[in-house]
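Engineer: Listed here are the chains, written in short residue letters.
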Amino acid sequence: MKIDHSQPLEYSTEQNRLNILGFWIFLGAEIMLFATLFASYFTLVDRTGNGPAGARIFEITPVLAETFLLLTSSFVIGLGIHAMRLGNKKAMLTFFVITLLLGLGFLGFEITEFITYYHEGATLQTSAFTSVLFTTLGTHGAHVTLGLFWGTFIVLQVKKRGLTPETANKSFIFSLYWHFLDIVWIFIFTFIYMKGMT
Amino acid sequence: MGFFTRFLIPNPSPVIYTSMVAIGVTILLIVFGLTHFKKWFYLWSGWLTTVDHKRIGIMYLIAALLMLFRGGVDAVMMRAQLAVPDNKLLDSQHYNEIFSTHGVVMILFMAMPYIMALMNFVVPLQIGARDVAFPRLNAISFWLFFMGAMLFNISFVIGGSPDAGWSSYFPLAGNEFSPHVGTNYYMIAIQIAGIGTLMTGINFLTTILKMRAPGMTFMRLPMFTWSSLVTSVIIIFAFPVLTVALIMGTMDRLFATKFFTITDGGMDMLWANLFWVWGHPEVYILILPAFGLFSEIIPTFSRRNLYGYRSMVASMVFISIYSFFVWTHHFFTMGQAAYVNSIFSITTMVIAIPTGIKIFNWLLTMWRGRIRFTVPMLYSIGFIPLFTIGGVTGVMLAMSAADYQYHNTMFLVAHFHNVIIPGVVFAVLGAATYYWPKMFGFMLNERLGKWAFWFLTIGFCLAFFPMYITGLDGQARRIYTYSESTGFGPWNMVTFIGTVLMAISFFLIVYTVYYSIRHAPKDVGQDPWDARSLEWATHNPVPEYNFAIIPQVNSREAFWDAKYKGVELFKGDYEKIHMPNNSGSPFIMSCIFFVFGFALIFSIWFLAIIGLIGIFTCMALRSFEIDHGHYISVEEIKETEAKYGGVNK
Numbered sequence: 001m002k003i004d005h006s007q008p009l010e011y012s013t014e015q016n017r018l019n020i021l022g023f024w025i026f027l028g029a030e031i032m033l034f035a036t037l038f039a040s041y042f043t044l045v046d047r048t049g050n051g052p053a054g055a056r057i058f059e060i061t062p063v064l065a066e067t068f069l070l071l072t073s074s075f076v077i078g079l080g081i082h083a084m085r086l087g088n089k090k091a092m093l094t095f096f097v098i099t100l101l102l103g104l105g106f107l108g109f110e111i112t113e114f115i116t117y118y119h120e121g122a123t124l125q126t127s128a129f130t131s132v133l134f135t136t137l138g139t140h141g142a143h144v145t146l147g148l149f150w151g152t153f154i155v156l157q158v159k160k161r162g163l164t165p166e167t168a169n170k171s172f173i174f175s176l177y178w179h180f181l182d183i184v185w186i187f188i189f190t191f192i193y194m195k196g197m198t
Numbered sequence: 001m002g003f004f005t006r007f008l009i010p011n012p013s014p015v016i017y018t019s020m021v022a023i024g025v026t027i028l029l030i031v032f033g034l035t036h037f038k039k040w041f042y043l044w045s046g047w048l049t050t051v052d053h054k055r056i057g058i059m060y061l062i063a064a065l066l067m068l069f070r071g072g073v074d075a076v077m078m079r080a081q082l083a084v085p086d087n088k089l090l091d092s093q094h095y096n097e098i099f100s101t102h103g104v105v106m107i108l109f110m111a112m113p114y115i116m117a118l119m120n121f122v123v124p125l126q127i128g129a130r131d132v133a134f135p136r137l138n139a140i141s142f143w144l145f146f147m148g149a150m151l152f153n154i155s156f157v158i159g160g161s162p163d164a165g166w167s168s169y170f171p172l173a174g175n176e177f178s179p180h181v182g183t184n185y186y187m188i189a190i191q192i193a194g195i196g197t198l199m200t201g202i203n204f205l206t207t208i209l210k211m212r213a214p215g216m217t218f219m220r221l222p223m224f225t226w227s228s229l230v231t232s233v234i235i236i237f238a239f240p241v242l243t244v245a246l247i248m249g250t251m252d253r254l255f256a257t258k259f260f261t262i263t264d265g266g267m268d269m270l271w272a273n274l275f276w277v278w279g280h281p282e283v284y285i286l287i288l289p290a291f292g293l294f295s296e297i298i299p300t301f302s303r304r305n306l307y308g309y310r311s312m313v314a315s316m317v318f319i320s321i322y323s324f325f326v327w328t329h330h331f332f333t334m335g336q337a338a339y340v341n342s343i344f345s346i347t348t349m350v351i352a353i354p355t356g357i358k359i360f361n362w363l364l365t366m367w368r369g370r371i372r373f374t375v376p377m378l379y380s381i382g383f384i385p386l387f388t389i390g391g392v393t394g395v396m397l398a399m400s401a402a403d404y405q406y407h408n409t410m411f412l413v414a415h416f417h418n419v420i421i422p423g424v425v426f427a428v429l430g431a432a433t434y435y436w437p438k439m440f441g442f443m444l445n446e447r448l449g450k451w452a453f454w455f456l457t458i459g460f461c462l463a464f465f466p467m468y469i470t471g472l473d474g475q476a477r478r479i480y481t482y483s484e485s486t487g488f489g490p491w492n493m494v495t496f497i498g499t500v501l502m503a504i505s506f507f508l509i510v511y512t513v514y515y516s517i518r519h520a521p522k523d524v525g526q527d528p529w530d531a532r533s534l535e536w537a538t539h540n541p542v543p544e545y546n547f548a549i550i551p552q553v554n555s556r557e558a559f560w561d562a563k564y565k566g567v568e569l570f571k572g573d574y575e576k577i578h579m580p581n582n583s584g585s586p587f588i589m590s591c592i593f594f595v596f597g598f599a600l601i602f603s604i605w606f607l608a609i610i611g612l613i614g615i616f617t618c619m620a621l622r623s624f625e626i627d628h629g630h631y632i633s634v635e636e637i638k639e640t641e642a643k644y645g646g647v648n649k
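Residue numbers (the numbering used here), protein chains in the order written: chain A, 1 to 198; chain B, 1 to 649.
For the record, the hints were derived by calculation from the structure and aren't laboratory data. Accuracy of the hints is not assured; some may be wrong.
[To be verified] Facing chain A, a subset of chain B residues (Cβ under 7 angstroms, in silico):
1) 13
2) 16
3) 270
4) 621
[Unchecked claim] Cross-link-like lysine-lysine pairs, in silico, DSSO-like; alpha carbons within 30 angstroms at most:
5) B:576 x A:2
6) A:2 x B:39
7) B:358 x A:2
8) B:210 x B:576
9) A:160 x A:89
10) A:195 x A:90
11) B:576 x B:563
12) A:195 x A:89
13) B:39 x B:522
14) A:2 x B:638
15) B:38 x B:643
16) B:563 x B:643
For glycine and all other residues, C-beta sits at the position ideal for the given N, C-alpha and C.
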């Protein structure tokens, strides 16, 4: 394994560079996945059948809290990667743990929000609109959930093995994933919630 | 439905019971054979756990041939049913199941893996790499495809096959009109295989972008690698759409969501749109690598450079972009505005231009070439006129106004078989013959191969050309019988005869393999065809590390120039080579995927949850694993190279 010390740790081996490029390409596929969900959402958004429309069930408070938590977490993981570049393992781990906690908070709000919708008569089966709403939000939420597990494993590995080309590479790729979820959320926030509330 | 009744076949027939027995007997024979010849360990360590792109390619090839047989049996049954008017061989339900599975099996489980087989085997060799970018992911891709295919194939003995057509349009595919589990199989088996395909796309795009040998610029890439690059991009953009469509379809069927229902706001046309936004690029995912293969074979057997390299590349890029702007031509008659139809009519016809450029380039490559009529070249030459006929009828279908006449008739069936069989099947059969010595170290028998080619070609013409006529006369597709007064009878009999000839050609191909294993000379050298690109610069069969020394590329036809212009390809000395380790986890994880998929199909929730936990556990374990691969030492390389008959430098 040749390590190129002129590069940041996460880019320092051939395999690391391949992994990062491959992950960017994977994110390209993820963009298509969410784009398809959004296209379906826009197609079905007014097809509410006998169920409620978005304006009736959406509430601004939990959505703002979710947005705040996720955007902050994305900022914090950026700090974590910065700390990693500086070789400060302790700071990096702290920032990563904060990121995950913020993500957990996001998920908590989202789940309570779903329960509220359910009590207001908007279930997965109510109408085409609610089906696609829960599916789009749920796909994003499932990604966050997966990210929480993934991030936890990375924290454990960095803690145990320190900052090596492998762990740095994994942490960096995880941060790309986390930023991506944040960007998707901005679209959800704008085109599902803000647009739906007006 | 009760728990156990779901596992019953909705319309059992003696054919299905016979198949059950045949499957049972085959499994027993395999288990007995492996035990008797003590091959379990070899199977596990040599194949099931391998991450070697060449072995994965060969496994794809075997799977594709098996599926070609399965899809072919479906085809023969369909044509036998239609051979005479008012035939009673199959009932309507059985016929529905057969045409649905024939479509899915042939497109997704035969043509796709066959293309993947050649991509896996050839691309890393053509670009002078040791393996793909992510070898273990490559194994996962294969095993996910394989498990998806197996899951799809057990449908006809457990629970019943999908019967809503290969495009599975809602509301027909919904629970109301398809109450049996067949369509669940469709949704979930294709999903599992599709994830594998997406991973392959990512893997090969990364590989081609980053792992080319020194000196191999984009304008020096061999044409098949170019086509694989373009195809990977299409896969990455198209397959996530299918993923979402299948998730929505699955949820409609399993969780009673309302995406595609007619009530509660659901929209059946959303399925048609999503399916074809994936489905149309899918046909280019198949045809572009096939074009790439023809572009390898034709120059080799014409002894000329490929004519119009740059225009070939430009055409492929153009086709790949346009493939995403034509999907609506699949439902011209479903009531969109006339201007929408016009736009998609024009975009569809425009694709004929780059395709025509490619046809002319192949013809001009052969022009003044010294053509050798080998089996791969016969397939390539046969492809050109037949594919052109298919292309011309495609332009006919692309006229949206005229499409109201052909829509849903045998004319359409004739058209797409007329492009897919000469385009894809001829390409992969020709290419398998071409690369056979590279894969296995011996040549396939030319005489038998030519017999197979002629049976296939003549059978093809007999089978599909009459359909144009009956289609224009109004014979609808997907209808299991017709009356004598329609006058379709004689033409359908001709089609049946053609089908039988094609079936014979399949058996001839299998016999060719058997015969060649027994009788072909085992020492054919590394370059039996006098070829032009890098994959022929290493031994037959290829050693584990592909190239003992990474080649230095100075031109488009690197190996040809090395042979005839004295350019040195391999410079420097041997160095130890880093290789990835084998791993059982891709196979194990895919087996769990199989169980998970099976549980979902039959709504066995506890098993599905266990399966899901199992999949994530595999991923978690992988995350904690440390695997740096291993090194092949210089001594070992020297030993291997000597064994292959002389050190290759």
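Engineer: Against which earlier hints does the structure fall short, listed by number upward?
Structural biologist: Violated hints: 1, 2, 4, 6, 7, 10 and 12; rest satisfied.
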